[in-house]
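Visitor: Sequence:
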Amino acid sequence: MSRARPDRRPIAALLALGVLVAALVGCSDDAPAPGPDADATAPADVAAAVRAALETRAAAVRDGDAEAFRRTVGGSRAFRAEQQTWYANLTQLPVGRLRYRLDPASLVRDGDGYWVTVTQVLQLDGYDAAPVTSPDRFRFGPVSAAGRARLTSVTDPEWEAAHDVQAQPWDLGRIDVREGFGVLGVFDAGSVGAADAIVASVETGISDVSAWVPYDWSRHVVVYALSDPTFLQGLEDVPGDDPGDLDAVSFPAGEGTRFVLNPRVLGRSEPEVDRLVRHELTHVAVGTHDDAAPVWLSEGLAEWVSVRPIPPEERRLPDSALKAAERGTVRDLPDDRTFNDDDSQAHYGLAWWAVESIANSYGEQAPWTLLDAVSVPGADVGSVVRDQLGLTTRELAQQAVLLILATYAAPGAGLVSPSPT
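Numbering (my numbering), first residue to last: 1 to 421.
Among the clues, some could well be false.
Said to hold, decoys possible - Straight line, CA to CA, 20 angstroms or less: simulated SDA-like cross-link-like pairs of lysine to any residue:
id : residue 1 : residue 2
1  : Lys323    : Arg308
2  : Lys323    : Gln345
3  : Lys323    : Asp341
4  : Lys323    : Pro309
5  : Lys323    : Gln399
6  : Lys323    : Trp217
7  : Lys323    : Asp343
8  : Lys323    : Ala409
9  : Lys323    : Ala406
10 : Lys323    : Thr407
11 : Lys323    : Leu405
12 : Lys323    : Leu403
13 : Lys323    : Glu313
14 : Lys323    : Gln398
15 : Lys323    : Pro214
16 : Lys323    : Leu402
Unchecked claim - Ranges of calculated distance between the beta carbons of each label pair, as one might list FRET restraints:
id : residue 1 : residue 2 : range
17 : Asp112    : Pro377    : 52 to 62 angstroms
18 : Asp242    : Asp380    : 24 to 34 angstroms
19 : Val376    : Asp125    : 29 to 39 angstroms
None of these hints come from the bench; they were simulated from the model.
Glycine included, C-beta positions come from ideal geometry on N, C-alpha and C.
Work out the full structure, taking the sequences as your base and the hints as a guide.
Guide: Structure representation (structure tokens):
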């Protein structure tokens, strides 16, 4: 599937780890691990100096005060340059809220400085319904006679690995931000040339998807379209377990959902990109409504919505789905455990046409009615499908196969589609 499921959300787990006692986080750079004095606790004046530095850092970003930000950063020349890039990145974003929470109990001495655990609270104005929190570990240099502390590192690789820290694109290198109507696009130097086309595709996709998804949603979305795959490769618990295999994937960010495009997608034809964007936007618009749904229904709906604007004769089906239908090997709808295995493309095609079958037989509202019914706590999917449709999932799968064969098993049919994820 192209959506990281909530019960396996790496970022959700990461957020839980970030709810610390008193004050917040940021980015990444190279620095040594805590030294031999790491067990030494810090005096109260150090905690006060670090808290003041964090408050000044956040205020400088919010106010666009480059000089004030510069004064909060120490360390090596390379680190200071990286932090200036981070500042330039953050000030391109529509930052509605930025602050840091500090856990004073986490302050430990490292030579003449201190490591501390923080939580960054960042809310993008117009895009995040609630602030997105993320944990990190910062190092500050010695406190000056004036009671000031400067940041000297935002990287502790071992700690970050142990706490599943997920760096954002603005933490990883220079970005270029482009905004459209309801769209915040995050690009880099290698992808910004495609920015206008991607933003336009998402703008149109928001309108298209909103016409089919019956749930209220913000109609605003953040999309990452980068030439550097580092962020995508860093996502965990994604469909199929290898982010590089996915053309795109949606992922949770606080209470909302964002999506990221694989760099290889940027050079594809406009219709292919548009369909992929609509698929991911469907996940964004559906939000938590499909959290308890089987993957075949969640992904089938996303595919079904993604092809609505496409003329029926141009709706491409994965070749593997047609071959599976022709071989007669389909016995049932794929279960969640095997949906994203080596036959995932066939499973996407089958799931899509299962939803097509439901809509054709019971009306275009029927797939959504089924989604709501299977999402009721304690609902048994097989029983709900029988109650709603008068079919078993095996019978629904066979109906999907018959529709696939009727639509594509003819001379010149069986058009191959790109991966929906």
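Visitor: Taking the CB of aspartate 112 and the CB of proline 377, does the distance hold inside 52 to 62 angstroms?
Guide: Taking Cβ atoms as reference, aspartate 112 and proline 377 lie about 55 angstroms apart, which means the hint holds.
Visitor: Taken at face value, is the distance from the CA of leucine 403 to the CA of lysine 323 at most 20 angstroms?
Guide: holds, 13 angstroms
Visitor: Does the structure keep lysine 323 and glutamine 399 at a Cα separation of 20 angstroms or less?
Guide: holds, 16 angstroms
Visitor: What's the verdict on lysine 323 and alanine 406, does the C-alpha distance respect the 20 angstroms limit or exceed it?
Guide: holds, 13 angstroms
Visitor: Under the criterion that the straight-line Cα-Cα distance not exceed 20 angstroms, is the pair lysine 323, proline 309 satisfied?
Guide: violated, 26 angstroms
Visitor: Does the structure keep lysine 323 and threonine 407 at a Cα separation of 20 angstroms or less?
Guide: Between lysine 323 and threonine 407 the Cα gap is close to 13 angstroms, so the pair holds against 20 angstroms.
Visitor: Holds or violated: lysine 323 with proline 214, Cα cutoff 20 angstroms?
Guide: violated, 33 angstroms
Visitor: Given the hinted pair lysine 323 and aspartate 341, is their Cα-Cα distance within 20 angstroms?
Guide: holds, 17 angstroms
Visitor: CA of lysine 323 to CA of leucine 402, is that 20 angstroms or under?
Guide: Distance of about 13 angstroms is within 20 angstroms: holds.
Visitor: Need the status of pair lysine 323, glutamine 345: alpha-carbon distance at most 20 angstroms?
Guide: holds, 11 angstroms
Visitor: Taking 20 angstroms as the top limit, are the C-alpha atoms of lysine 323 and alanine 409 close enough?
Guide: holds, 9 angstroms
Visitor: For the hint 29 to 39 angstroms, verify it against the beta carbon of valine 376 and that of aspartate 125.
Guide: holds, 35 angstroms
Consistency with the previously given hints fails for numbers 1, 4, 6, 15, ordered from lowest to highest.
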